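Enquirer: Given next are the chains, with one letter for each unit.
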Amino acid sequence: MSESVTREDERTSDPVRETGASHPSVAIETRHTGLPARSDENVFELKDLSVHYGDNPAVKNISMDIYHKNITALIGPSGCGKSTLIRCLNRMNDLIPTARVDGELLYHGEDLYGPNVDPVQVRKMIGMVFQKPNPFPKSIYDNIAFGPRILGMKGDMDEIVERALRRGAIWDEVKDRLDDNAFGMSGGQQQRLCIARCIAVEPDVILMDEPCSALDPISTGKIEDLMMELKENYSIVIVTHNMQQAARVSDMTAFLIVELTADERNRWGEIVEYDDTEKIFTNPADSRTEDYVTGKVG
Amino acid sequence: MAAQGTRRAYQEELEKLEVRALEGLDLVVEAIERASEAVQHSDVELAELVIASDDVIDGRYLEVHQSILTLLATQAPVASDLRLISALLHVMKCLERMGDQCVNIAKMIPIAGHEPPADERMLTDIVTMTGAVRDLVRQAKKAFESRDVGLARDLVRQDDIVDNLNRECFRRAIQIGDSEDRREWAMTMMLIARAIERIGDNAVDVGEQVAFLVTGLFREFEDASHPGEDLASQSG
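If you read the sequences in order, they're chains A and B. Everything in the first sequence is counted per this note's numbering, starting at 1 for the first residue and increasing by one. Everything in the second sequence is counted per this note's numbering, starting at 1 for the first residue and increasing by one.
None of these hints come from the bench; they were simulated from the model. Only a predicted model underlies this, so the values are computations on that prediction, with no experimental measurement involved. One or more of the hints may lead you astray.
Computed footprint of chain A on chain B, listed as stretches where at least three residues anywhere in the stretch have a Cβ under 8 Å from a Cβ of chain A [said to hold, decoys possible]: (1) 7-20; (2) 75-83.
Listing some non-contacts, in silico: residues in chain B with all C-beta distances to chain A over 10 Å [stated by the list, open to error]: (3) D26; (4) E37; (5) Q40; (6) R97; (7) K107; (8) A132; (9) E145; (10) G150; (11) D154; (12) R167; (13) I176; (14) D181; (15) R183; (16) R194; (17) E197.
We treat Cβ as the ideally placed atom computed from N, Cα and C, and that holds for glycine.
Just chain A, same shape as in the assembly (with noise of 0.2 Å):
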């Protein structure tokens, strides 16, 4: 269940992906309509990687590579390790007295609860969208402007605020009143803002723990639109539990499920299947992903 399911990029050795285009009639199969959802480059290997708050488990052996300029996304019930899984990414779990991670995570191939490494210039390469927006008691500018300013970056700061602003698709929208306080945006403009805020610190990776819960059905489109041209520059781990979301958005899904003891005292997250997006909602391997997917579980 447990075991690795990261696999060798396919594109050049299957034969039906190579005669389709001359026998399209012979063989089309449903998951090779594109190019393929993966790029060559990982962002994170995770070998075996485990979590335990104290003595209890929170997600066990995950095993997966995450693509460079994709986007990836967590799906599964509650309590399912999710959240846990993707703050692993940027170690936000070391702000959890309790929490320990073993296995390995690495980062572009460096490992990245290694000894020397700084969690804050993780961070700041590894950003965070939460939940909940979350903007500082501050101005739209201000917002933008703490990161940079405590990382002492370079530069124009009116122009990094604006560069960071633009790229968050809310700069229209905020351009004539950056000096007014950022709880008076609405909750949209401010999930934008926190997104802005994040690629403020010119970061690499940007995690979203489910981003768009608490959006109306337009902000979370806006939302999802940015998604699409942030991965142009940026690797992009979405956790949701819209099911359409991960569908619209991702490139990649996995799909984790709850594992219980038999005494169901303790439970924990294991990944069941992780393939192309497009795999995971036409064809999955796994019946228990198909359960879930098509709401026969939940």
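Please arrange chain B on chain A, whose structure you already have, making use of the hints.
Expert: Here is chain B on its own, set in the frame of chain A:
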């Protein structure tokens, strides 16, 4: 699959949709049997009934199509549910075409006239073809209901019998003689044979949807552009 756990109403709706769609194949079987009898006995009134009854098949097509649109819009089906809906869309298109072919057959009957058949053997072959395609449609339905890919692939073998009889009809039509009346009768019978042969192909198409539904792969069992390739026996 029996509804269980969550989304029970949706699963029941999906199951009902499949039943309504596949019942459409029963309507086609009925139309084929009537058309066959009308050809055999030059029964113009029965032929008119076949033409009128096509509205029932068209109505079923529209009903299932609308239900599919509603399910797509409201339930966002994925995985095997999505494949089922995609397969049912194809099946409905096939059965609507099969109904139209029965109408095409029925329209030929007044043209063929009431005279005794110019070639008794040709008529016998055509009646045999109608029986064969009726069995094909029944088998396609059974394969879909039971998700039986082997039974679906077997449709190709049965369809070959229909194709061979169609070629035999063509051969006999060429040799029918110089009489204008006999040639006109033979031409009419050829159009009927062609319509029956197309029904067989549509039944095979339904079988291909069974394979897609079960495996997630779409493969034509037989490829007209690459004859001779035995795709039906390939795995997948």
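Enquirer: Would the least Cβ to Cβ distance between R167/B and chain A come out above 10 Å?
Expert: Non-interface label stands for R167/B: nearest chain A Cβ at 23 Å, farther than 10 Å.
Enquirer: Can we confirm that no CB of chain A comes within 10 Å of the CB of E145/B?
Expert: holds, 20 Å
Enquirer: Hey, is E197/B genuinely clear of chain A, shortest beta carbon separation above 10 Å?
Expert: holds, 19 Å
Enquirer: If I take the minimum Cβ distance from D181/B to any residue of chain A, is it greater than 10 Å?
Expert: Correct as stated: the minimum Cβ-Cβ distance to chain A is 42 Å, above 10 Å.
Enquirer: Going by Cβ atoms, does Q40/B stay more than 10 Å from chain A at every point?
Expert: holds, 36 Å
Enquirer: Does R183/B clear chain A by more than 10 Å, comparing its Cβ with all Cβ atoms of that chain?
Expert: holds, 36 Å
Enquirer: Just want to verify: E37/B was marked as not at the interface with chain A; is every Cβ pair farther apart than 10 Å?
Expert: The assertion about E37/B holds, with a minimum of 36 Å to chain A.
Enquirer: Is it the case that G150/B keeps its Cβ farther than 10 Å from each residue Cβ in chain A?
Expert: holds, 19 Å
Enquirer: Non-interface claim for R194/B: all C-beta distances to chain A beyond 10 Å?
Expert: holds, 22 Å
Enquirer: Within the stretch 75-83 of chain B, is the number of residues with a Cβ closer than 8 Å to a Cβ of chain A three or more?
Expert: holds (count 8)
Enquirer: Looking at R97/B again, its CB stays over 10 Å from all of chain A?
Expert: Holds, since 18 Å exceeds 10 Å.
Enquirer: Could you check that no beta carbon of chain A comes within 10 Å of the beta carbon of I176/B?
Expert: Correct as stated: the minimum Cβ-Cβ distance to chain A is 36 Å, above 10 Å.
Of the numbered hints given earlier, the model fails none.
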